[in-house]
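Going line by line, the protein sequences match chains L and A.
Residue numbers for the first sequence follow this note's numbering, so the first one is 1308 and each next one is one higher.
Residue numbers for the second sequence follow this note's numbering, so the first one is 1001 and each next one is one higher.
Keep in mind that the hints were calculated from the coordinates and are not lab data.
If you're wondering where the values come from, they're calculated on a predicted model, not measured in any experiment.
The C-beta atom is built at its ideal place from N, Cα and C for all residues, glycine as well.
Check each hint, because a few of them may be wrong.
What the simulated footprint calls covered on chain L by chain A, stretch by stretch (three residues with Cβ under 8 Å from a Cβ of chain A suffice, anywhere in the stretch; the number is not a length) [unchecked claim]:
#1 1382-1393
#2 1409-1417
Beyond 10 Å from chain A on every Cβ pair, some chain L residues (computed) [to be verified]:
#3 V1311
#4 P1315
#5 G1323
#6 M1326
#7 T1327
#8 A1331
#9 M1334
#10 Y1342
#11 G1360
#12 G1370
#13 Y1371
#14 K1378
#15 S1401
#16 S1403
#17 T1420
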Amino acid sequence: NAGVTQTPKFRVLKTGQSMTLLCAQDMNHEYMYWYRQDPGMGLRLIHYSVGEGTTAKGEVPDGYNVSRLKKQNFLLGLESAAPSQTSVYFCASSYSRGGRTGELFFGEGSRLTVL
Amino acid sequence: DAKTTQPPSMDCAEGRAANLPCNHSTISGNEYVYWYRQIHSQGPQYIIHGLKNNETNEMASLIITEDRKSSTLILPHATLRDTAVYYCIVRDPLNTGTASKLTFGTGTRLQVTL
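Just chain L, same shape as in the assembly (with noise of 0.2 Å):
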């Protein structure tokens, strides 16, 4: 019972430098997200998907780009990295229908530094 599963959980980048977060979700869930997370403050969100194939920016998409290619997986893309991206990066899903309806299970995060 894996849940959500985010890899690589760490890694450390030089700036413009690019790399792929991904993330792996076994629960057929239709509603996927990337949040991150700056220390002493709360979840930011950056992209999400409603459904394969679909995507749509957040509250923070800049510097990031995303893919919904296969339903149980939703890639984040850092095309040139940069310091400000030094954070800690979530990803969840979430069913859009049922008893369960936006209930958001999240990974264990990504820990990405930026030197």
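Following the hints, put chain A in place on chain L, whose structure we already have.
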């Protein structure tokens, strides 16, 4: 989604009830109240949600005022393991247009002490 207001921090003695308030005065009729908590730097964990009736599960109770403008999460017998940041969120789960507003704010940091 309606905005929520929570106190930044609270203390509670172990074994006592922890009552965490949340104001959501602009909540609309289709919006539910959700509570999550985040222990240390782990991913947030769902606790409970409700629309207008009080709810109870194995983790907590949720009391929603009759006008739905505020709610209280109750941990009946707090333990040290309940020390965490608690987030209150309101949203309409069936409205895809509001998904972009699903942000968590800074929540209430609950410290449970001996």
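### Message
Tell me the hint numbers this structure goes against, listed in increasing order.
### Response
As far as the earlier hints go, 1, 3, 10, 15, 16 are violated by this structure, in ascending order.
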